[in-house]
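Visitor: Listed below are the residues making up each chain.
2 protein chains.
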Amino acid sequence: MRQDEPLRTEIIAVGMELLGPHFRDTNSLYLTQKLEDLGLDVSFKTIVGDDWDNLTLSLRHSLSRADFVIASGGLGPTTDDRTREALAHVLEKKLNFREDILEAIRKRFERRGMTMPAVNKKQAYVIEGAEVLENKNGTAPGLWLETGGKIILLLPGPPQELIPMFEESVWPKLQKLRNFFTSRTILKTTGLTESEIEERIFDLYPQSPEIRMSTLAYPGQIEIHLAARSPKNPAEAKKRLDRLQEAILDRLQDNVFSPEGKELEEVVGNLLRNNNKSLATAESCTGGLLGNRITNVSGSSDYFLLGVVAYSNKAKVRLLDIPMRLIDEHGAVSLEVAQAMAAGVREKSQTDLGLGITGIAGPTGGTPEKPVGLVYVALNSEKGSEVTKNLFLGNREAVKFQSTQRALDMIRRYLLKIKRP
Amino acid sequence: MRQDEPLRTEIIAVGMELLGPHFRDTNSLYLTQKLEDLGLDVSFKTIVGDDWDNLTLSLRHSLSRADFVIASGGLGPTTDDRTREALAHVLEKKLNFREDILEAIRKRFERRGMTMPAVNKKQAYVIEGAEVLENKNGTAPGLWLETGGKIILLLPGPPQELIPMFEESVWPKLQKLRNFFTSRTILKTTGLTESEIEERIFDLYPQSPEIRMSTLAYPGQIEIHLAARSPKNPAEAKKRLDRLQEAILDRLQDNVFSPEGKELEEVVGNLLRNNNKSLATAESCTGGLLGNRITNVSGSSDYFLLGVVAYSNKAKVRLLDIPMRLIDEHGAVSLEVAQAMAAGVREKSQTDLGLGITGIAGPTGGTPEKPVGLVYVALNSEKGSEVTKNLFLGNREAVKFQSTQRALDMIRRYLLKIKRP
Numbered sequence: 001m002r003q004d005e006p007l008r009t010e011i012i013a014v015g016m017e018l019l020g021p022h023f024r025d026t027n028s029l030y031l032t033q034k035l036e037d038l039g040l041d042v043s044f045k046t047i048v049g050d051d052w053d054n055l056t057l058s059l060r061h062s063l064s065r066a067d068f069v070i071a072s073g074g075l076g077p078t079t080d081d082r083t084r085e086a087l088a089h090v091l092e093k094k095l096n097f098r099e100d101i102l103e104a105i106r107k108r109f110e111r112r113g114m115t116m117p118a119v120n121k122k123q124a125y126v127i128e129g130a131e132v133l134e135n136k137n138g139t140a141p142g143l144w145l146e147t148g149g150k151i152i153l154l155l156p157g158p159p160q161e162l163i164p165m166f167e168e169s170v171w172p173k174l175q176k177l178r179n180f181f182t183s184r185t186i187l188k189t190t191g192l193t194e195s196e197i198e199e200r201i202f203d204l205y206p207q208s209p210e211i212r213m214s215t216l217a218y219p220g221q222i223e224i225h226l227a228a229r230s231p232k233n234p235a236e237a238k239k240r241l242d243r244l245q246e247a248i249l250d251r252l253q254d255n256v257f258s259p260e261g262k263e264l265e266e267v268v269g270n271l272l273r274n275n276n277k278s279l280a281t282a283e284s285c286t287g288g289l290l291g292n293r294i295t296n297v298s299g300s301s302d303y304f305l306l307g308v309v310a311y312s313n314k315a316k317v318r319l320l321d322i323p324m325r326l327i328d329e330h331g332a333v334s335l336e337v338a339q340a341m342a343a344g345v346r347e348k349s350q351t352d353l354g355l356g357i358t359g360i361a362g363p364t365g366g367t368p369e370k371p372v373g374l375v376y377v378a379l380n381s382e383k384g385s386e387v388t389k390n391l392f393l394g395n396r397e398a399v400k401f402q403s404t405q406r407a408l409d410m411i412r413r414y415l416l417k418i419k420r421p
Numbered sequence: 001m002r003q004d005e006p007l008r009t010e011i012i013a014v015g016m017e018l019l020g021p022h023f024r025d026t027n028s029l030y031l032t033q034k035l036e037d038l039g040l041d042v043s044f045k046t047i048v049g050d051d052w053d054n055l056t057l058s059l060r061h062s063l064s065r066a067d068f069v070i071a072s073g074g075l076g077p078t079t080d081d082r083t084r085e086a087l088a089h090v091l092e093k094k095l096n097f098r099e100d101i102l103e104a105i106r107k108r109f110e111r112r113g114m115t116m117p118a119v120n121k122k123q124a125y126v127i128e129g130a131e132v133l134e135n136k137n138g139t140a141p142g143l144w145l146e147t148g149g150k151i152i153l154l155l156p157g158p159p160q161e162l163i164p165m166f167e168e169s170v171w172p173k174l175q176k177l178r179n180f181f182t183s184r185t186i187l188k189t190t191g192l193t194e195s196e197i198e199e200r201i202f203d204l205y206p207q208s209p210e211i212r213m214s215t216l217a218y219p220g221q222i223e224i225h226l227a228a229r230s231p232k233n234p235a236e237a238k239k240r241l242d243r244l245q246e247a248i249l250d251r252l253q254d255n256v257f258s259p260e261g262k263e264l265e266e267v268v269g270n271l272l273r274n275n276n277k278s279l280a281t282a283e284s285c286t287g288g289l290l291g292n293r294i295t296n297v298s299g300s301s302d303y304f305l306l307g308v309v310a311y312s313n314k315a316k317v318r319l320l321d322i323p324m325r326l327i328d329e330h331g332a333v334s335l336e337v338a339q340a341m342a343a344g345v346r347e348k349s350q351t352d353l354g355l356g357i358t359g360i361a362g363p364t365g366g367t368p369e370k371p372v373g374l375v376y377v378a379l380n381s382e383k384g385s386e387v388t389k390n391l392f393l394g395n396r397e398a399v400k401f402q403s404t405q406r407a408l409d410m411i412r413r414y415l416l417k418i419k420r421p
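Quick note, the sequences are listed as chains A and H, same order.
My numbering puts the first residue of the first sequence at 1, with every later residue one more than the last.
My numbering puts the first residue of the second sequence at 1, with every later residue one more than the last.
Keep in mind that the hints are not guaranteed to be accurate.
Claimed, not checked - A partial selection of chain H residues facing chain A, derived with a Cβ cut-off under 7 angstroms: (1) L29; (2) T185; (3) I186; (4) T193; (5) G287; (6) L289; (7) L305; (8) M324.
I should point out that these hints are in silico values taken from the structure, not numbers from a laboratory.
Glycine residues also receive a C-beta, built at the ideal position from the N, C-alpha and C atoms.
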């Protein structure tokens with residue numbers, strides 16, 4: 001094994017289904033992050049089916065390129081599951097039957113009042129020289145093998161088996177391969193565009209390979225992902241991260257709603273609770289998404305009392321006491337109606353804050369004067385009313401999401417007494 | 001090229017960012033489905049960074065295994081973008097400068113009032129013998145190269161460039177490689193468990209390689225994905241698909257809410273519209289998710305008039321006219337309160353149907369008598385009231401989603417006059 005530089009690391013995901021169009025790759029994202037945290041950068045990921053020739057070829061190629069190969073999947077009991085056999089074949093090593101492993105699998109079935117099917121017997125074979133990794137959440141044991149200057153790790157495919165096995169059995173072993181300690185955080189912002197953010201922070205992009213910074217932009221939310229590492233100790237990594245985080249916060253100020261990756265609804269929920277303020281919402285075009293997001297936070301019943309989804313004009317009039325003449329005069333999508341919705345729901349529920357949203361989510365319903373994406377958001381409080389006029393881009397769901405971002409951010413800025421972006 | 005059997009096909013995705021923990025792989029899922037539709041099964045997918053040695057090694061290995069190699073990414077103007085150069089190097093072919101391509105790139109910048117940066121010049125180089133694929137949505141042209149009995153396709157990485165280029169320039173070329181015509185559909189169900197479904201349809205799993213059937217289970221929704229293919233013509237593929245689809249529908253009957261992949265909120269929306277029925281909802285633990293889902297369907301204002309998110313007891317009493325004594329007597333999470341919410345919101349909004357949901361989404365708030373996941377869903381109509389008591393598993397979001405599935409399915413079954421599962 002090369003001691004002088006980081007291990008060349010590869011991941012192989014095995015399984016027919018992984019080559020189909022429905023594959024959602026969560027295992028390798030999880031593994032990548034854990035490896036990165038140790039300073040082990042992944043240089044290849046391969047996805048291969050259970051065809052014997054392809055599987056052995058893939059192992060051969062990876063072993064020719066890498067020092068550390070992690071393969072997941074294909075350890076099950078069926079005839080399609082051949083990762084163990086393929087690796088033994090490629091390494092020209094024997095598979096030894098282990099009575100104790102068979103016994104453990106048999107007991108697992110017994111505990112559930114079932115008899116172990118005969119096919120499971122193959123899971124009790126171990127490649128000579130390999131260490132067995134216990135699977136507490138399934139029948140397929142993992143394997144850790146050091147041979148010919150290389151490390152090979154076999155893990156089961158299902159994430160609910162792979163992740164606990166990795167945390168419990170693999171992570172402690174990886175400490176000896178550790179090159180770096182890593183600290184991570186995510187800064188989340190809303191209200192500024194991606195280019196406004198880039199303009200303010202472009203000179204902070206780190207030159208050092210020990211710090212990584214990347215910007216991910218979604219409609220209504222821009223995230224700055226930071227990772228800092230140190231070959232010496234976690235405290236130094238944390239110090240590097242803190243320094244960069246502070247520099248970014250200094251540029252973006254309170255446009256960052258969370259410097260530690262929290263969701264906006266959680267940040268706003270904490271502010272409402274800490275300020276002892278209650279909230280009611282009146283939604284039209286967002287159709288309940290705002291209420292849904294607020295109530296995704298456990299304990300939100302402490303501050304969120306009422307949401308009204310007043311989709312029809314009749315509902316606006318009857319439940320929120322909005323004068324019909326206001327709707328006739330300005331239209332349901334108007335600054336005036338947004339304000340009246342916020343005031344109406346606050347009055348109805350006797351809360352500290354009332355929030356009103358009305359707009360055109362699309363794709364239909366737009367006019368030249370009131371195009372798709374036009375959304376008014378109003379906040380009513382003891383200090384009176386404030387309202388924003390927004391023109392959001394994107395499809396129906398993107399317009400709805402951006403509208404709720406604006407609404408939550410208006411509450412945040414009100415409670416923190418900071419001005420609009 | 002092998003004429004006798006399907007081409008061995010591989011996909012390589014190139015880019016440092018694809019090896020990081022934030023990668024969402026959409027390109028290769030898209031490509032896989034398109035290739036499958038032609039009968040071209042992908043045998044490997046490789047993800048590799050922009051390191052020169054790894055990139056060339058990866059191309060070498062793929063070209064040694066496959067007849068058809070598709071590489072995406074690394075065609076941009078920066079020094080990190082080297083897929084074109086790496087492929088030329090591996091194939092020992094020259095890169096020829098093409099004035100007409102440079103001119104096209106320069107004009108693209110000019111149309112936006114910009115001057116082309118000097119770095120873009122490298123995008124005007126073409127591997128000898130390759131055909132250039134126009135990029136209407138970016139500066140990086142694609143390449144199609146047939147050499148040594150193999151086909152190699154280079155595509156740009158951004159999906160908004162890759163997909164249109166594939167549809168316009170690549171798809172017509174692939175017709176000559178077509179082995180099969182394919183038809184697809186998705187049957188969606190709710191209300192039955194995965195094992196109940198398996199029991200009813202296990203013997204329908206096709207033996208023929210021309211038909212594929214896979215079951216994907218989510219909390220509250222189980223999907224059966226079908227694909228049928230024919231070497232001769234699309235009509236035969238469609239006939240095979242129809243035959244299997246009908247056999248499954250015969251077993252699962254009206255537990256399938258859509259035989260063609262529609263969302264439940266869309267199915268219910270169409271039923272409401274066609275039956276000329278209006279709906280109002282009163283949500284507690286789902287916090288607006290039901291309203292949000294209903295209003296994700298464009299045109300839902302035709303039938304959805306009002307949603308109330310009565311998170312507090314006070315809101316339940318004040319807005320829905322629920323007697324406080326009912327809450328005191330039975331608790332806010334009870335069959336009686338669910339029924340009163342459904343009746344109250346229907347009365348308030350004068351709709352044909354009223355829907356009430358109350359429950360404990362968790363993770364906190366559960367008791368031995370009323371555990372997390374206990375959710376009552378009530379439907380009120382001119383025919384009176386029906387209510388279900390449910391115990392959903394999973395985290396807060398899973399409980400919320402399953403509650404809205406049950407609510408929508410109760411409306412569906414009411415309008416279709418079919419009994420509960």
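Visitor: All the hints need checking, so say for each whether the structure fits it.
Guide: Evaluated hints:
1. Below 7 angstroms, beta-carbon pairs count as interface contacts, and H/L29 has one with chain A at about 5 angstroms; its hint therefore holds.
2. Because the smallest distance between the Cβ of H/T185 and any Cβ of chain A comes to about 14 angstroms, over 7 angstroms, the interface hint for this residue is violated.
3. With a cut of 7 angstroms, the hint placing H/I186 at the interface with chain A is violated, because the nearest CB-to-CB distance is about 10 angstroms.
4. Because the beta carbon of H/T193 sits about 17 angstroms from the nearest beta carbon in chain A, more than 7 angstroms, this interface hint is broken.
5. At its closest, the beta carbon of H/G287 sits 3 angstroms from a beta carbon of chain A; the interface hint therefore holds under the 7 angstroms criterion.
6. Hint status for H/L289 relative to chain A: holds, with the closest Cβ pair at about 4 angstroms, below 7 angstroms.
7. A distance limit of 7 angstroms between C-beta atoms decides the matter here; for H/L305 the minimum to chain A is near 4 angstroms, and the interface restraint holds.
8. At about 15 angstroms, the closest approach between the beta carbon of H/M324 and any beta carbon in chain A exceeds 7 angstroms, and the interface hint on this residue is violated.
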